[in-house]
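Engineer: Let the hints inform the model, and build the full structure from the sequences given.
Number of protein chains: 2
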Amino acid sequence: MKVDMIIANSFLMTMEGKGVGMIENGAVAIKDNIIVGTGTTQEILSTHRAERLIDATDKVVMPGLINAHLHSAGALFRGMAQDMSHWMQKGLWPLAKHTQEEERVRGSLLSIMEGVKSGTTTFCDFETPMNEIVGNYVKIGARARVAEVVNELPDTIGALPVGELYPFDPATGQRKLQKNICLMEQWHEQENGRITCLFGPQAPDMMSKELLLELKELAEKYNTRLHMHVAQGDREINQMIKRYGKRPIAFLDELGYLDQRLMAVHLTEATKDEIRLLTSKGASMMYCPGAIAIIDGLVPPVMDFVEAGGTAALGTDSAAGNNSINMFNEMKFAAILNKVKRQDPKVFPAWLSLRMATVEAARAIGLDHEIGTITKGKKADIIIVNVDDPGLRPVIGDPIRNIVPNLVYGARGHEVETVIIDGRVVMEKRKLLTIDEKQSIIAAQDVVNQIAQRAHDDIVGSESDLLKMMRADYL
Amino acid sequence: MKVDMIIANSFLMTMEGKGVGMIENGAVAIKDNIIVGTGTTQEILSTHRAERLIDATDKVVMPGLINAHLHSAGALFRGMAQDMSHWMQKGLWPLAKHTQEEERVRGSLLSIMEGVKSGTTTFCDFETPMNEIVGNYVKIGARARVAEVVNELPDTIGALPVGELYPFDPATGQRKLQKNICLMEQWHEQENGRITCLFGPQAPDMMSKELLLELKELAEKYNTRLHMHVAQGDREINQMIKRYGKRPIAFLDELGYLDQRLMAVHLTEATKDEIRLLTSKGASMMYCPGAIAIIDGLVPPVMDFVEAGGTAALGTDSAAGNNSINMFNEMKFAAILNKVKRQDPKVFPAWLSLRMATVEAARAIGLDHEIGTITKGKKADIIIVNVDDPGLRPVIGDPIRNIVPNLVYGARGHEVETVIIDGRVVMEKRKLLTIDEKQSIIAAQDVVNQIAQRAHDDIVGSESDLLKMMRADYL
Numbered sequence: 172m173k174v175d176m177i178i179a180n181s182f183l184m185t186m187e188g189k190g191v192g193m194i195e196n197g198a199v200a201i202k203d204n205i206i207v208g209t210g211t212t213q214e215i216l217s218t219h220r221a222e223r224l225i226d227a228t229d230k231v232v233m234p235g236l237i238n239a240h241l242h243s244a245g246a247l248f249r250g251m252a253q254d255m256s257h258w259m260q261k262g263l264w265p266l267a268k269h270t271q272e273e274e275r276v277r278g279s280l281l282s283i284m285e286g287v288k289s290g291t292t293t294f295c296d297f298e299t300p301m302n303e304i305v306g307n308y309v310k311i312g313a314r315a316r317v318a319e320v321v322n323e324l325p326d327t328i329g330a331l332p333v334g335e336l337y338p339f340d341p342a343t344g345q346r347k348l349q350k351n352i353c354l355m356e357q358w359h360e361q362e363n364g365r366i367t368c369l370f371g372p373q374a375p376d377m378m379s380k381e382l383l384l385e386l387k388e389l390a391e392k393y394n395t396r397l398h399m400h401v402a403q404g405d406r407e408i409n410q411m412i413k414r415y416g417k418r419p420i421a422f423l424d425e426l427g428y429l430d431q432r433l434m435a436v437h438l439t440e441a442t443k444d445e446i447r448l449l450t451s452k453g454a455s456m457m458y459c460p461g462a463i464a465i466i467d468g469l470v471p472p473v474m475d476f477v478e479a480g481g482t483a484a485l486g487t488d489s490a491a492g493n494n495s496i497n498m499f500n501e502m503k504f505a506a507i508l509n510k511v512k513r514q515d516p517k518v519f520p521a522w523l524s525l526r527m528a529t530v531e532a533a534r535a536i537g538l539d540h541e542i543g544t545i546t547k548g549k550k551a552d553i554i555i556v557n558v559d560d561p562g563l564r565p566v567i568g569d570p571i572r573n574i575v576p577n578l579v580y581g582a583r584g585h586e587v588e589t590v591i592i593d594g595r596v597v598m599e600k601r602k603l604l605t606i607d608e609k610q611s612i613i614a615a616q617d618v619v620n621q622i623a624q625r626a627h628d629d630i631v632g633s634e635s636d637l638l639k640m641m642r643a644d645y646l
Numbered sequence: 172m173k174v175d176m177i178i179a180n181s182f183l184m185t186m187e188g189k190g191v192g193m194i195e196n197g198a199v200a201i202k203d204n205i206i207v208g209t210g211t212t213q214e215i216l217s218t219h220r221a222e223r224l225i226d227a228t229d230k231v232v233m234p235g236l237i238n239a240h241l242h243s244a245g246a247l248f249r250g251m252a253q254d255m256s257h258w259m260q261k262g263l264w265p266l267a268k269h270t271q272e273e274e275r276v277r278g279s280l281l282s283i284m285e286g287v288k289s290g291t292t293t294f295c296d297f298e299t300p301m302n303e304i305v306g307n308y309v310k311i312g313a314r315a316r317v318a319e320v321v322n323e324l325p326d327t328i329g330a331l332p333v334g335e336l337y338p339f340d341p342a343t344g345q346r347k348l349q350k351n352i353c354l355m356e357q358w359h360e361q362e363n364g365r366i367t368c369l370f371g372p373q374a375p376d377m378m379s380k381e382l383l384l385e386l387k388e389l390a391e392k393y394n395t396r397l398h399m400h401v402a403q404g405d406r407e408i409n410q411m412i413k414r415y416g417k418r419p420i421a422f423l424d425e426l427g428y429l430d431q432r433l434m435a436v437h438l439t440e441a442t443k444d445e446i447r448l449l450t451s452k453g454a455s456m457m458y459c460p461g462a463i464a465i466i467d468g469l470v471p472p473v474m475d476f477v478e479a480g481g482t483a484a485l486g487t488d489s490a491a492g493n494n495s496i497n498m499f500n501e502m503k504f505a506a507i508l509n510k511v512k513r514q515d516p517k518v519f520p521a522w523l524s525l526r527m528a529t530v531e532a533a534r535a536i537g538l539d540h541e542i543g544t545i546t547k548g549k550k551a552d553i554i555i556v557n558v559d560d561p562g563l564r565p566v567i568g569d570p571i572r573n574i575v576p577n578l579v580y581g582a583r584g585h586e587v588e589t590v591i592i593d594g595r596v597v598m599e600k601r602k603l604l605t606i607d608e609k610q611s612i613i614a615a616q617d618v619v620n621q622i623a624q625r626a627h628d629d630i631v632g633s634e635s636d637l638l639k640m641m642r643a644d645y646l
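Protein chains in written order, with our numbering: chain R, 172 to 646; chain P, 172 to 646.
Check each hint, because a few of them may be wrong.
Note: identical chains are not told apart, hence a pair may lie in one copy or across any two.
Unchecked claim - SDA-like mimics (lysine to any residue), calculated; alpha carbons at most 20 Å apart, straight line: (1) Lys639 x Pro341; (2) Lys547 x Val596; (3) Lys602 x Val558; (4) Lys173 x Arg223; (5) Lys189 x Asp644; (6) Lys602 x Asp559; (7) Lys639 x Gly416; (8) Lys517 x Asp644; (9) Lys609 x Thr228; (10) Lys512 x Gly468; (11) Lys310 x Phe422; (12) Lys380 x Val558; (13) Lys443 x Gly329; (14) Lys600 x Asp559; (15) Lys173 x Gly548.
Worth flagging that the hints you see were computed from the coordinates, not collected in a lab.
Structural biologist: Written out as structure tokens, the structure reads:
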């Protein structure tokens with residue numbers, strides 16, 4: 172068979188089956204945007220003829236990583252809200268209130284570049300203005316599953332007041348909903364299917380029951396999923412009890428929200444009973460280890476979710492919280508934070524991190540028919556990771572293999588050399604081929620310089636922990 | 172003044188004072204191996220003339236990182252003992268027992284290369300055979316503070332038996348002690364003072380009281396410190412109670428061990444009272460967040476140690492446990508694991524991680540008169556970190572600065588471009604100038620291939636968790 176590309180002589184990690192599906196000295200054949208063959212190098216070379224042969228000796232070939240939850244524009248505020256209390260009110264809000272939509276679009280490209288350069292091929296981006304941000308994914312050539320942020324909070328609300336019940340503004344809700352519908356109409360299944368759309372109710376406490384039901388109905392109509400923060404913190408629980416006398420998951424259950432369409436983000440405050448309810452109904456969990464550790468000092472109950480039979484995926488959340496849109500970072504944190512939470516080194520082994528960033532993630536976001544494993548017939552979203560690095564050597568294969576622990580506990584992301592998305596080489600020798608990286612960085616930096624200037628007085632007025640650190644020479 | 176080198180236009184983080192000592196648009200002047208001037212670029216350029224001018228625009232210039240505890244030869248077994256119980260007995264021992272001394276020397280170079288390439292300039296290496304391993308530090312040009320591992324355990328003991336009291340063999344103890352003394356005699360203060368030596372009692376449970384006292388006396392005689400694991404696990408506590416009826420720290424106190432000379436590693440099991448005792452006597456703590464999280468699923472009480480007024484330093488421990496000899500990894504883990512332990516995002520701020528890898532580390536290992544800050548008169552151990560990277564952008568300086576959180580929560584180590592040790596450029600544009608990196612990797616890989624072959628039957632016989640994972644396609 173004549174194909175476009177063969178990647179040969181690799182440690183091929185297909186992620187098929189229950190483990191990592193390792194084929195030593197493995198090869199993949201790609202034609203157009205599809206994987207048309209996998210097997211040993213000998214098998215593939217004897218049955219395929221390729222336009223281009225990539226030698227992946229001393230390299231791991233694996234499915235592109237899936238970032239199941241991020242807010243890409245958060246990169247604008249990277250490093251500006253850590254080690255503090257009230258990170259949203261005192262850290263981000265004084266900056267965010269001075270930020271314009273086109274500036275958010277520029278900022279989002281930083282997150283996407285960082286992600287692709289560390290092996291992410293699919294981004295579940297939950298952001299506004301998504302109708303414009305989606306253009307970044309088109310340009311860079313990444314796969315994206317995107318939602319516009321929908322809530323019913325009046326624009327004048329500012330940082331969310333603590334304690335009081337939020338006011339809802341139905342007109343604002345409808346305006347934001349229309350943007351999400353417009354996104355769906357314009358972009359769903361576009362770019363050869365590389366762009367797909369979700370509905371994005373921000374959280375159960377941030378809109379009326381009516382709007383939640385409208386979104387649910389739309390998700391059914393367009394046969395897509397709902398990307399939504401659920402049980403993400405005390406504040407949400409308090410709002411829901413005050414408004415409805417119920418915790419969020421019980422409330423969502425009454426609304427008929429708990430099914431396979433629900434991609435529930437964080438679940439930091441979910442109890443074991445609530446988790447059993449979620450998993451029994453088929454909802455999936457988006458787990459963001461780094462962000463929740465840095466912002467809240469907590470480890471969400473992902474192990475309970477997995478033990479209850481649920482499907483969970485890893486996400487970076489926002490660079491404004493986590494500082495990092497690098498799934499290698501996230502895989503490592505997931506494993507280590509859960510070992511520490513359970514005080515057991517066997518908990519959350521390396522292979523589970525790899526699965527939650529590939530095959531399980533694909534299932535959790537509803538794209539497992541297309542991506543998540545290296546399987547004949549699936550889309551060619553593939554990364555090549557160089558393990559010939561002092562930090563990843565030695566490599567042994569017999570009688571045990573050390574590649575899986577080293578990818579999770581040792582690799583840093585910069586070992587990713589080549590990124591192929593939908594059959595197209597988007598990064599090679601660590602250089603992005605589809606955009607001008609330097610120029611994109613400068614554009615984002617310019618924007619932030621202006622925001623910081625406009626926000627100056629508000630930041631100074633916030634008297635945040637960070638400002639005190641700055642004055643005392645700790646920053 | 173005529174100098175050899177000026178590094179200008181940088182974010183200069185001197186680490187002086189109580190914080191990070193940031194000088195925006197700062198410069199450093201170096202003559203021979205000494206820092207001869209620091210200040211703003213204007214100040215330095217107007218008073219110094221340099222042979223070589225390095226432009227560090229968009230770069231952070233900071234003290235080289237100090238890895239306060241590692242076992243460098245552990246890189247031989249990277250990724251071969253994670254996610255399992257009995258990591259020492261079933262993971263490492265089946266390999267270690269088939270490993271020869273010259274093979275350990277080759278393996279150690281992997282750790283050192285990984286460390287230097289991620290900004291480490293000083294290595295507190297606790298390893299055997301140190302008389303030979305020290306040659307790697309000489310060759311690569313790093314600063315090292317080294318100890319030979321001394322214990323009194325018979326060579327035939329193998330993996331330490333659980334439950335029984337270890338037998339001691341005084342002849343073995345004396346043989347190992349002589350190697351440590353020989354190291355001290357041959358290498359202490361050599362290579363322009365770049366190599367200094369410590370005594371290395373492995374742990375209080377692994378030798379007789381008599382040998383411990385002999386080591387203490389030698390440390391006094393040579394006016395150096397003792398690098399020693401203390402309260403590192405249940406097993407040690409049980410041995411000490413069984414043998415002496417005392418917990419290790421109380422026992423060491425009776426022996427007069429608790430003073431400034433003691434560099435106590437791990438302290439995983441130390442109580443608050445024991446920590447107060449240690450800090451009141453001036454002993455320092457070597458804290459290895461990643462290794463202890465992966466091996467034990469625990470977070471040692473470093474915050475208690477700091478709150479009790481003690482001096483603590485970060486270390487990577489062995490790549491056989493931690494998988495990583497990268498201090499950027501360690502800085503991030505230290506901050507995040509302690510936030511989670513205390514369930515408070517304000518705990519262990521980024522600046523504290525930076526200090527525990529530089530100025531506090533220098534104090535903890537007794538080299539603060541020479542290194543740890545960028546200060547006139549100190550040795551020129553300096554790294555240059557590029558922050559013009561999609562994962563570290565944007566950079567803002569006013570009214571708050573985001574560099575410190577980004578270095579700790581965002582940087583991965585590969586952003587280190589240049590490493591200067593004792594005034595000599597050891598790495599430039601990420602290329603090691605002093606050794607053949609490729610050749611050194613191949614040499615280590617060859618050695619491990621042979622060990623894995625020799626160890627084959629013992630690994631298979633171990634029936635470890637890893638072996639089961641391997642058979643089930645999880646590795």
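Engineer: Look at each hint and say if it fits the structure.
Structural biologist: These are the hints, each one checked on the structure:
no. : hint            : verdict
1   : Lys639 x Pro341 : neither (39 Å within a copy, 57 Å between copies)
2   : Lys547 x Val596 : within (19 Å within a copy, 50 Å between copies)
3   : Lys602 x Val558 : both (18 Å within a copy, 17 Å between copies)
4   : Lys173 x Arg223 : within (11 Å within a copy, 56 Å between copies)
5   : Lys189 x Asp644 : between (51 Å within a copy, 8 Å between copies)
6   : Lys602 x Asp559 : both (18 Å within a copy, 15 Å between copies)
7   : Lys639 x Gly416 : neither (39 Å within a copy, 49 Å between copies)
8   : Lys517 x Asp644 : between (41 Å within a copy, 17 Å between copies)
9   : Lys609 x Thr228 : between (30 Å within a copy, 15 Å between copies)
10  : Lys512 x Gly468 : both (12 Å within a copy, 8 Å between copies)
11  : Lys310 x Phe422 : neither (40 Å within a copy, 66 Å between copies)
12  : Lys380 x Val558 : neither (51 Å within a copy, 45 Å between copies)
13  : Lys443 x Gly329 : neither (34 Å within a copy, 44 Å between copies)
14  : Lys600 x Asp559 : both (14 Å within a copy, 18 Å between copies)
15  : Lys173 x Gly548 : within (16 Å within a copy, 67 Å between copies)
The structure fails hints 1, 7, 11, 12, 13 (numbered hints given earlier, in ascending order).
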